[in-house]
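Spelled out, the chains give:
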Amino acid sequence: MVDETESRVRRAFARVVPSPAAGADLADALATAERAAATPARRSLWIGVAAAAVLIAAVGIVAVRREPVDGREAKKIVASALDGRTVRVRIDASGWVELDDLDGTPRARVELGGTPARASDGLDALERALVEITARVPRDLNGLSPVALELVPSKQARWRWIQWTMQAAAHPKVLMVTMRFGAEGSDETPFEQRLPVDLAMEPTDESPPVGVAVIVQVSEKGGARIRLAGTESPWTVDFDSSLAPIESRPVELSRAMSELSSSLRTAAAGERNGVFGDIEVPTPSGDGVTYELVHEVLRAFREAGIDDVRFNGAARPKPQEGTSSR
Amino acid sequence: MDATLTLVERAQAGDRSAFADLHAHFGRPLFLYLAGLLRVREDAEDAWQATFLSAWRHLGRLRRPDRFAAWLFHIGTNSARDVARRRTTFPKALGAGDDLLVARPDAQPGDSDAARLVAGLEPRTRALVLLRAVEGWSAEEVGAALSWSVATVRRRYARALDLLRAHVNERDSNGR
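Order-wise, the sequence lines are chains A and H.
Once you know that position 125 of the first sequence is 228 in the working numbering, the rest is easy, because the numbers rise by one and skip nothing.
Once you know that position 31 of the second sequence is 1147 in the working numbering, the rest is easy, because the numbers rise by one and skip nothing.
Just so you know, these hints were derived from the structure itself, not from any lab.
Where a beta carbon is used, it is the ideal one built from N, C-alpha and C, also for glycine.
Keep in mind that a hint or two might mislead.
As the list claims (entries may be wrong) - Short, incomplete list of chain H residues facing chain A, as computed with Cβ under 8 Å:
| id | residue |
| --- | --- |
| 1 | F1147 |
| 2 | A1151 |
| 3 | W1164 |
| 4 | H1174 |
| 5 | N1194 |
| 6 | R1201 |
| 7 | R1220 |
| 8 | G1226 |
| 9 | D1227 |
| 10 | L1280 |
Looking at chain A on its own, in the form it has when it is part of the complex (with noise of 0.2 Å):
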């Protein structure tokens, strides 16, 4: 049965539809897309445009009385609304990962939060399938793939799993290097970061910048700890109740995370030839950190001013022996 509440939001938005315009370029698009499949296969070109008639008479039901849209416009909606640069990957809670192509559509899924043998078998397959996936985008000038990583895992996957991850996309047949941290359920702008690149080093007077490390590690209690390293004032906060959902406990992060952007602040206050963020995660105390911690470390930096943020490496999970690939 209908409520009113239900019928007010139908009335509404009742006429919440593509536009005509938009449905006739997504017919434009379609029709240049089947093309430029069957021309490779020497298929007959009256196959492409009965095809695309097909589409454009579908389309049609938005499209009542679509205007001309020429070639390059569809085009540059197809180049437009796929970027074609972005390889997602999803992590939940458990350890699952599954990754997507660069049109968003799933290729792969494998473990990581399994037991040691088959998180590295779960990594090996995740190399792979980004060695395939970044082979096709032709690769800039310094031999970086231009393809980004962007990150989405569940708030409670372990920090531990995104590392691998991250490790995979290093890999020297992947060599990604943009990395995003989004967040499962967040419609928050992901962050950007590049991994940092052995690249050859030009030779200059000026001094290096100056990292400043905050460490992240499950406390004796079997809270977390959030530290912030080699400072005369160290600065550090326990949440030492349980590691449960930050939503459960969102003043004490809050206030927490607020008083670590401002140290953050004031540590790269003097510092004149720059400053690096390290968020570092110890092994074995740093297992069981979960990624809503290291996320919301990470914003702290940002919001210090800090954009340059790296990350220690983990422990490669080690495969069974005699069954490894590598």
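Once you have looked at the hints, place chain H on chain A.
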């Protein structure tokens, strides 16, 4: 056999008219979903076009034709993320004509209130409400498209409706 599954299998076998039928069936629901995520007409239309283009190009790669809706909406979610990342206009700065989540000008005051309240929901919940209330999809259909369990769809929709009802009732009583 499920009608959608038949269409997907025919489309995978090269039947273009079957893909056209799939577009006709899923075009509006997908657009409502994207409108819920992105709000802005131009953005939602870009993502909508990109989704069908991608689906058209890669239908052969779909291994589970019985999960076409989930696959299509999955591509839609990714397209929405791509569009959201590159956009420069924040929805709050939009004119009324660009914002899909504003009631049409001739709407009743109660309907406009409902539209404002829906716009204030979290994006995925907005999308859920639009699919259920506007498109009239069942909990099973929404669950299949969004890869949620039917129980999750029902629970989230009931919670969203309770929230909307509470606000509407409060406004109605204040208006008297």
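Task: Violations among the numbered hints, reported as their numbers in ascending order - done: none
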